[in-house]
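Asker: Those protein sequences? They're chains A and B, same order as listed. Take the first sequence: its position 20, counting from 1, is numbered 20 in the UniProt record's numbering, and each next residue is one higher. Take the second sequence: its position 160, counting from 1, is numbered 160 in the UniProt record's numbering, and each next residue is one higher.
It is possible that some hints are incorrect.
Which copy? The list can't say, so a pair holds if one copy fits it or any two copies do.
Think about it this way: if two alpha-carbon atoms lie no more than 20 angstroms apart in a straight line, the pair counts; the simulated EDC-like pairs of lysine to aspartate or glutamate are [what the hints assert, rightly or not]:
hint, residue 1, residue 2
1, Lys203, Asp110
2, Lys116, Glu13
3, Lys206, Asp89
4, Lys168, Glu113
5, Lys152, Glu27
Derived by calculation from the structure, the hints in this document are not laboratory data. On a predicted model such as this, the values are computed, not experimentally measured, just so you know.
There are 2 protein chains.
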Amino acid sequence: MKTIKLVIADDHELFRNGLKELLKRHEDIEVVQCVSDGEELIKFVKTHPDIDIVLLDITMPNMDGFEALNKLKSVNTNVKPIIISMHDDGNYIAKCAKMGAFSYLLKNTDQEELVKVVRIVSEDKKYFSPNISEKMIDYMSENTVSEDILSKKEAEVLLLISKGNTTKEIAAELYVSSRTIETHRANILKKLNVKNTAELIIKAVKMKLIS
Amino acid sequence: MKTIKLVIADDHELFRNGLKELLKRHEDIEVVQCVSDGEELIKFVKTHPDIDIVLLDITMPNMDGFEALNKLKSVNTNVKPIIISMHDDGNYIAKCAKMGAFSYLLKNTDQEELVKVVRIVSEDKKYFSPNISEKMIDYMSENTVSEDILSKKEAEVLLLISKGNTTKEIAAELYVSSRTIETHRANILKKLNVKNTAELIIKAVKMKLIS
DNA sequence: ATTTATATCCGTATTAATACGGATTTTTAG
DNA sequence: CTAAAAATCCGTATTAATACGGATATAAAT
Numbered sequence: 001m002k003t004i005k006l007v008i009a010d011d012h013e014l015f016r017n018g019l020k021e022l023l024k025r026h027e028d029i030e031v032v033q034c035v036s037d038g039e040e041l042i043k044f045v046k047t048h049p050d051i052d053i054v055l056l057d058i059t060m061p062n063m064d065g066f067e068a069l070n071k072l073k074s075v076n077t078n079v080k081p082i083i084i085s086m087h088d089d090g091n092y093i094a095k096c097a098k099m100g101a102f103s104y105l106l107k108n109t110d111q112e113e114l115v116k117v118v119r120i121v122s123e124d125k126k127y128f129s130p131n132i133s134e135k136m137i138d139y140m141s142e143n144t145v146s147e148d149i150l151s152k153k154e155a156e157v158l159l160l161i162s163k164g165n166t167t168k169e170i171a172a173e174l175y176v177s178s179r180t181i182e183t184h185r186a187n188i189l190k191k192l193n194v195k196n197t198a199e200l201i202i203k204a205v206k207m208k209l210i211s
Numbered sequence: 001m002k003t004i005k006l007v008i009a010d011d012h013e014l015f016r017n018g019l020k021e022l023l024k025r026h027e028d029i030e031v032v033q034c035v036s037d038g039e040e041l042i043k044f045v046k047t048h049p050d051i052d053i054v055l056l057d058i059t060m061p062n063m064d065g066f067e068a069l070n071k072l073k074s075v076n077t078n079v080k081p082i083i084i085s086m087h088d089d090g091n092y093i094a095k096c097a098k099m100g101a102f103s104y105l106l107k108n109t110d111q112e113e114l115v116k117v118v119r120i121v122s123e124d125k126k127y128f129s130p131n132i133s134e135k136m137i138d139y140m141s142e143n144t145v146s147e148d149i150l151s152k153k154e155a156e157v158l159l160l161i162s163k164g165n166t167t168k169e170i171a172a173e174l175y176v177s178s179r180t181i182e183t184h185r186a187n188i189l190k191k192l193n194v195k196n197t198a199e200l201i202i203k204a205v206k207m208k209l210i211s
């Protein structure tokens with residue numbers, strides 16, 4: 001049996017090392033390397049074309065999982081990413097699936113499931129467990145709002161709103177009329193299907209459009 | 001050397017098991033039990049008075065870390081809780097310290113540090129590593145805001161604001177004049193030290209005053 | 001028991017946010 | 001290449017949110 005060469009990318013050292021220990025027990029799986037952010041991961045994978053699988057966390061410093069997922073394809077076409085996240089958030093799951101993840105596991109997955117998925121993915125098959133698929137479908141149906149629904153300007157305005165800036169201040173910062181910013185605000189409200197600033201911020205936070 | 005008897009409470013199976021594997025290597029530490037939420041933890045500790053240390057995650061289903069921390073004291077006076085969280089959030093840290101945690105570790109702590117802290121705490125000494133203490137102090141100084149700074153009415157108003165209600169709607173709902181609600185709003189802004197609704201919601205979310 | 005602080009309530013004035021309507025430019029789709 | 005859609009821009013009018021000032025009632029502190 002061919003050994004599955006695997007890299008772990010997670011910024012939590014305890015988790016990373018713990019995972020490594022767990023995987024060590026399986027003779028068909030070799031943890032080649034552990035890294036703590038996306039940059040390190042890309043750097044490593046670039047020089048190691050024989051890596052089969054990356055276990056990838058979403059929330060990491062420097063370069064997060066999403067960005068890493070994006071770059072992976074262009075750097076190494078052989079490597080198959082499996083996301084390991086603690087968020088069973090339809091938004092995240094859908095985004096990862098779209099960006100080429102081969103699977104999406106929660107951190108409360110049990111060991112057997114993890115190893116099972118690693119083996120499946122190593123054969124170039126995608127696998128999303130039923131609970132994850134369900135979340136993804138729920139999200140798709142209830143949320144016509146895709147993650148890039150806001151235009152660049154709108155996203156910029158939203159960010160400034162969330163920092164406590166008023167319309168006037170934002171207008172000054174972006175060198176346009178206040179009226180323009182007011183239109184942006186109105187369009188943002190409409191797109192996110194909310195009726196005022198309070199609701200807007202709540203929804204934007206939930207959708208991770210802002211911190 | 002006396003063995004340190006320890007329980008792990010974390011809802012992420014992979015983390016829990018990984019941690020157990022890591023701790024297994026140390027002969028002076030015995031992982032007696034792993035549980036996945038606060039309820040299980042309390043139940044276990046109640047019937048096992050010889051437990052020295054609990055490694056406790058904050059975010060867990062059923063009964064979260066805070067609640068568990070609270071109940072622990074009344075159930076078993078011998079057990080010393082160490083929080084293991086991924087949030088280096090001054091708010092959390094201060095709250096845990098106040099509630100009797102013996103230490104607060106981040107999930108990206110390295111193994112050596114973890115084991116060191118376990119040993120220190122097992123001797124009934126509290127230990128907060130410098131970076132954590134710093135966060136806590138920052139929080140204390142910048143935030144005169146304790147978690148129960150808002151009056152009941154104010155909290156109620158804040159909740160309704162966050163649901164997208166306008167001042168007028170809130171006034172109708174609470175059977176008072178709009179002007180009263182406006183004063184509440186003003187007081188809430190002042191207490192949280194923000195200048196408008198957008199900032200308010202952001203801060204309230206961060207402080208977990210609202211979902 | 002009395003001071004002190006805090007929560008609750010309200011009026012008037014100002015500023016900010018939203019509604020409605022409309023225009024031009026840039027992207028996207030066929 | 002052209003039609004449709006979306007992004008960007010702005011004016012006027014209305015409504016909502018915030019600033020300032022002040023009052024009473026309740027809770028906490030000594």
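Asker: All hints are to be evaluated individually against the structure, with a verdict given for each.
Answerer: Taking the hints in turn, this is what the structure says about them:
1. Taking CA atoms no more than 20 angstroms apart as the test, lysine 203 paired with aspartate 110 passes in neither setting, with 31 angstroms inside one copy and 36 angstroms between copies.
2. For the homomeric pair lysine 116 and glutamate 13, the shortest alpha-carbon distance between copies (15 angstroms) is at most 20 angstroms, but the shortest distance inside one copy (24 angstroms) is not.
3. Taking the closest pair of Cα atoms, lysine 206 and aspartate 89 come within 20 angstroms of each other both inside a single copy (9 angstroms) and across two copies (19 angstroms).
4. For the identical chains of this complex, lysine 168 and glutamate 113 are neighbours neither inside a copy (53 angstroms) nor across copies (50 angstroms), given an alpha-carbon limit of 20 angstroms.
5. Taking the shortest alpha-carbon separations for lysine 152 and glutamate 27, neither the intra-copy value of 49 angstroms nor the inter-copy value of 56 angstroms comes in at or below 20 angstroms.
When the structure is compared with the earlier hints, violations turn up for hints 1, 4, 5 and for no others.
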